[in-house]
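Colleague: Residue numbers (the working numbering), protein chains in the order written: chain X, 2 to 372; chain B, 2 to 372; chain D, 2 to 372; chain U, 2 to 372.
Hints are supplied without guarantee of correctness; some may be wrong.
[To be verified] Example chain X residues on the side facing chain B (calculated, C-beta under 8 Å, incomplete):
#1 Ile99
#2 Gln148
#3 Met149
#4 Pro162
#5 Pro223
#6 Arg266
[To be verified] Think about it this way: if two alpha-carbon atoms lie no more than 30 Å apart in a straight line, the pair counts; the simulated DSS-like pairs of lysine-lysine are:
#7 U:Lys200 x U:Lys50
#8 U:Lys199 x B:Lys268
#9 U:Lys200 x D:Lys268
#10 X:Lys144 x X:Lys22
#11 D:Lys257 x U:Lys199
#12 B:Lys50 x B:Lys257
#13 B:Lys257 x X:Lys323
#14 D:Lys50 x B:Lys22
Worth flagging that the hints you see were computed from the coordinates, not collected in a lab. Ideal placement from N, C-alpha and C gives every residue a C-beta, glycine not left out.
Protein chains: 4
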Amino acid sequence: MAGSTFGTIFKITTWGESHGKALGVVIDGCPAGLALCEADIQQYLDRRKPGTSSITTPRREDDSVEILSGVFEGLTTGTPISLIVRNTSQRSADYSEIAACYRPGHADFTFDAKYGFRDYRGGGRSSGRETIGRVAAGAVAAKILKQMGISVCAYTRSIGPVEADMEHFDRSAILVTPTAMPDFNADRAAVSYLEEAKKNTDSVGGCMECIVEGVPAGIGDPVFEKLDANLAKAIMSIGAVKAVEIGDGCAVSLRKGSQNNDAFRLKDGQVTKASNHAGGILGGISDGDTIRVRAHVKPTPSIFLTQQTVNRNGEEVEVNIKGRHDPVIVPRAVVVMECMTALTVLDAMLMNMSAKMDSIVKFYRNSSYEG
Amino acid sequence: MAGSTFGTIFKITTWGESHGKALGVVIDGCPAGLALCEADIQQYLDRRKPGTSSITTPRREDDSVEILSGVFEGLTTGTPISLIVRNTSQRSADYSEIAACYRPGHADFTFDAKYGFRDYRGGGRSSGRETIGRVAAGAVAAKILKQMGISVCAYTRSIGPVEADMEHFDRSAILVTPTAMPDFNADRAAVSYLEEAKKNTDSVGGCMECIVEGVPAGIGDPVFEKLDANLAKAIMSIGAVKAVEIGDGCAVSLRKGSQNNDAFRLKDGQVTKASNHAGGILGGISDGDTIRVRAHVKPTPSIFLTQQTVNRNGEEVEVNIKGRHDPVIVPRAVVVMECMTALTVLDAMLMNMSAKMDSIVKFYRNSSYEG
Amino acid sequence: MAGSTFGTIFKITTWGESHGKALGVVIDGCPAGLALCEADIQQYLDRRKPGTSSITTPRREDDSVEILSGVFEGLTTGTPISLIVRNTSQRSADYSEIAACYRPGHADFTFDAKYGFRDYRGGGRSSGRETIGRVAAGAVAAKILKQMGISVCAYTRSIGPVEADMEHFDRSAILVTPTAMPDFNADRAAVSYLEEAKKNTDSVGGCMECIVEGVPAGIGDPVFEKLDANLAKAIMSIGAVKAVEIGDGCAVSLRKGSQNNDAFRLKDGQVTKASNHAGGILGGISDGDTIRVRAHVKPTPSIFLTQQTVNRNGEEVEVNIKGRHDPVIVPRAVVVMECMTALTVLDAMLMNMSAKMDSIVKFYRNSSYEG
Amino acid sequence: MAGSTFGTIFKITTWGESHGKALGVVIDGCPAGLALCEADIQQYLDRRKPGTSSITTPRREDDSVEILSGVFEGLTTGTPISLIVRNTSQRSADYSEIAACYRPGHADFTFDAKYGFRDYRGGGRSSGRETIGRVAAGAVAAKILKQMGISVCAYTRSIGPVEADMEHFDRSAILVTPTAMPDFNADRAAVSYLEEAKKNTDSVGGCMECIVEGVPAGIGDPVFEKLDANLAKAIMSIGAVKAVEIGDGCAVSLRKGSQNNDAFRLKDGQVTKASNHAGGILGGISDGDTIRVRAHVKPTPSIFLTQQTVNRNGEEVEVNIKGRHDPVIVPRAVVVMECMTALTVLDAMLMNMSAKMDSIVKFYRNSSYEG
């Protein structure tokens, strides 16, 4: 089946396996006239690199992006933008033994069930490296949104039991802390918690959050293409995510209506809300307030303890996973969440341009339209 | 924008407003040869009726469905199935006053922001009645799945603080308890909790869950069309849902990998799992185990307490909502969740038929193919 | 399969069989704020009625449309517009005999091959009545285009050997001549040609053409979504159409480049073309000139001569078709061509709104945007 | 807008400009288990090379394809297949002068009108080189169809006034004649006609045809997704094609029904037709007979005569095109038509697998399904 394309107007198609020759993405439907160069994309790709802290296992993933099409004299042309990242080190040796058996918590078994066999090298298409295409495309979407006055920012909300203190949210911490937490104290605590887990050859889960500011009211559709429904799909499609919350999320099921409703107020003549339990979306459509999405991520399934499993010959066996794996997924998944959110919001904004007759008529009357 | 179509092969398009002449759905892509009559659909629509218990406010919603096309001599023909439910009582009077102001927690403001105005009668397209089309179509999807040996079952997991006891899950209770809980004791407790809230003219939230049994391993796609990603979108697109969990959901963020991985085992020669934290989906593809999805639903936003808001003229005002509203959404949303899940799983199974070369070649070699 | 939906942003889904309870269409993605009433649509539906001339066989098709949703206080709301036409006379008797055998030139055999059986009454879904939904939706698209200064006009170019004289194109003739020709003389000649064929219980083919004026340069996409490619699909999807030409069409294969290229010139400071062999489209994108599409339509397959065929039991038999059938399809297909063209052009114009960064940024800066 | 993706289940996305770094395609939805190597694709790409005959202008287009993903140990994995062709010679010098003005018959003006500017090097995205991605993907589709017993064959039907003699159709000639005609005599005549045109620095048009054999009855959908409608779109989307005919095409408009209907007959117990005016498609669905499609191609717009045009500054100017251009497009477009046809037929066959309830139930009962 075709499952590697995302978006309706700003449409991306990702490709590539962990240990293939390369990974990449084709962005189709990018508006013409956007200034774009490799550096715009590289800075996002660099955020998903393993890094060098004590909570990651040192290995070289030198992912440098190349623009193959769709940009001419520094500007997007409106035609497909093809982005490629070559796989430099193909360490098949590390992975050969997993060819035979199904690693618990991984997609080895389900791929075999679906396709009859699989590219077992490093997880093939179900590897975390699949997100390279998402991030490269999301970097372009984020740049477009920025020019529309919209910012998208994701960070680690918690790792295991260690929560970031949102009262003292510190955006500057996100890009410098090894955990991508917006709180230096929580980061330190989380790091020691992770070192402990790593010593026990175990892994831990965590929670990440994304906020979008500057989206005007009116974006998203009623019914199936609700903005929150598309965000839920976008975020849940990131490997290891098991839950998605909008605004106050799960907490609403314990609330009273009188506690949960956000009163509408006026601020500088603009309609605003006295609180934002809704997370910036009402009836699937943005309300002009900050959009808040949260995702819960499972612990890295690759752990170094002996595990029980089954092999391809249908025998029960024990497996001991080797190789280099981080004890937590969240810090490197944060940029992926930010990119999937940017892609979703941008596509919704482009779809929204035809919502009203008068906007359409005015758009085409606008003489500055003809090239 | 076009946001009222759901599905790729089994594709539905819903239409209709709370107080329009009718609501309905067109099902396109239903396989030919399914025995189908109005009763198959009506039994699902009846499950979303207000009911007559103490926790709903008595009002008549006599929603009877009519099949307008796509069925000939009792069998689906493969052409579009058009289903219609006429609106019998159009109580515009009850609602006229909300035309002027934006009800907190509702989509009044966002619709105006998007479209410039709205059909304010009973919430128009953002009313709970919009789900009639989803349920009518889902009933057809569920009947097809049943013939493939797949059952879909949704129920109320909790209302406010009152949780159903899953140790003593009682499927027979779901269709008879006013709360749609699978536990008679919890139902009684929830009912008195709701009566209390109702007395205080307030409302409460809750949680619903859906389990799917019989789905073979291999359904769903890697990357963007993951089965869990599409379930997340389908469920989050139901009004008032603010969070979606797959398997153990949010709990995984507090787990260790050693606790969260499900060991693979053999049972009667089939690959199975020793536990099911994953909720039947690994890497976006079904693993043959029970699929488990959970949704958290906010309290009914229509409460009978005076609320602060803004009106269409941009003035801060107070609003007192009249009309008849249930103090909780969950019990009537359960069948909607069941139907959206059935639609999502069926479409994934139809998409999956072309996953393998040998299946395709065998399919067309199969002489019994030609009509 | 799902094959009854057309369009990406302005998306329509048609349903219904010749002898079912009703036929209709759901228009999803119609911009909000369009003044719309049943009369706007009825005038288009009336153009596809059999009429009462000597070249049609008198039978009553009283197709009156009802708007079921998506319009509030005379304006479209941006939500799905459901349109329905009830089938008044269900003359199953006329058709029962064709249940058993495959009429030459009809889809009886191919429907059975695909679905295993078919609704044989009046051709079921493959009846000309299927176009009711297309025309109802096209009427809405045409009204939107008109407000953007774009006119769509289809007419009969030829019937059998009788050609309309395009030198003396007379638009006023199209709606009043029984043949829908833009030329009263050719109409008279065609009518007598048709009377002759009718006398011989035979039928004839013909050619129809559609011109679109006022489309700005820049509409349509390169590669697969070329404006001419989408027009070709839209027109070829009309039953009985066997060829589609853009601009000079087939004639270009006999041309020299020096004859076929259209020189660019200036007119009132605007770029224009000295000729229009291209039919208003270059590289799949509109060039601002008149768009010209032509379609060739086969003779009515239902003729009253004894024909050889095969029946459902796999026996060679002779069939004598009864019932009432026009000797030519073109005059009633003209409005269908006009509507499919309008739908295609409108969708391309809505898709085009996000082609340029500066247009997008300006669109959202435009304060008049917020509702 | 997004216009570079084609297909629903077997979905391709092409990218690249004439003078960019590379061109390519991503094939998403290719079934797993197909033996595939670069040679399978290269042989199709070689057919679109300029060649070395007297009717092409000698220039080196050494297009060698590389498979970047989706193939493991010689078999497709079911994940996206990324194919790339590097641009070896980037002769920007040849083209720099066309940056300023709009070449008649080209998309220069319409691209500027749409996007505000364009990559003018060699036509950028509107260059014939855009078809590299189509051909690479079509080669894969054709290989799959071959394993299903279906053959797709395109050839040149006529060049200017010189027609191939279909009475003596010689398939062996297609791949060896410079014109790709299935007739050595006609080829010789066409070549001298072309040499004459070339001497006059002019160009000529032509007609190409594609036949598909082995498609079972029942493929394609009624209404909008008719097999002929999708073929019309696929073929019309090839640059320079101005008309598409199915079966007898345009000729039907001059026919009588008694001449045009194909009688059904029995042959070895199978339903067949006594003639094939319909071109193998009835009501948009294949009838088991040979599918026949024809396309008319305009003369190469790049001619070496002085032409009148307009430049980007809005001034009327004269242009003299330099560079190397073939005097006819057809011979190299034949393989593109073959590939677009293969892509369309394959996608229709995959979509058709869910047409009937009993096929679906049998498919999933089929134990050999589970991986």
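Colleague: Give a verdict on every hint.
Modeller: Hints, one by one, checked against the model:
A cut of 8 Å between beta carbons decides the hint on X:Ile99: the least distance to chain B is about 13 Å, and the hint is violated. Taking 8 Å as the C-beta cut-off, the interface hint given for X:Gln148 is violated, the closest approach to chain B being about 22 Å. The interface hint given for X:Met149 is broken, as the beta carbon of that residue sits about 16 Å from the closest beta carbon of chain B, more than 8 Å. For X:Pro162, the interface hint holds, since its Cβ comes within 8 Å of a Cβ in chain B; the closest pair sits about 6 Å apart.
Given hint, X:Pro223 at the interface with chain B, holds; its Cβ is 5 Å from that chain's nearest Cβ, closer than 8 Å. Because the smallest distance between the Cβ of X:Arg266 and any Cβ of chain B comes to about 6 Å, under 8 Å, the interface hint for this residue holds. About 22 Å separates the Cα atoms of U:Lys200 and U:Lys50, which keeps this hinted pair within 30 Å; it holds. Straight-line distance between C-alpha atoms of U:Lys199 and B:Lys268 comes to about 75 Å, which puts the hinted pair past the 30 Å bound.
A hinted pair counts as satisfied when its Cα atoms are at most 30 Å apart, and U:Lys200 with D:Lys268 does not qualify at roughly 34 Å. Our distance criterion of 30 Å between C-alpha atoms is met by X:Lys144 and X:Lys22, whose separation comes to about 28 Å. Taking the CA atoms of D:Lys257 and U:Lys199, the gap is about 11 Å. The hint holds against a cut of 30 Å. Restraint check for B:Lys50 and B:Lys257: not satisfied, since their Cα atoms lie roughly 44 Å apart, outside the 30 Å limit.
Restraint check for B:Lys257 and X:Lys323: the C-alpha separation of about 18 Å stays at or below 30 Å, so the hint holds. Under the criterion of a C-alpha separation no larger than 30 Å, the hint pairing D:Lys50 with B:Lys22 is consistent with the structure, at around 26 Å.
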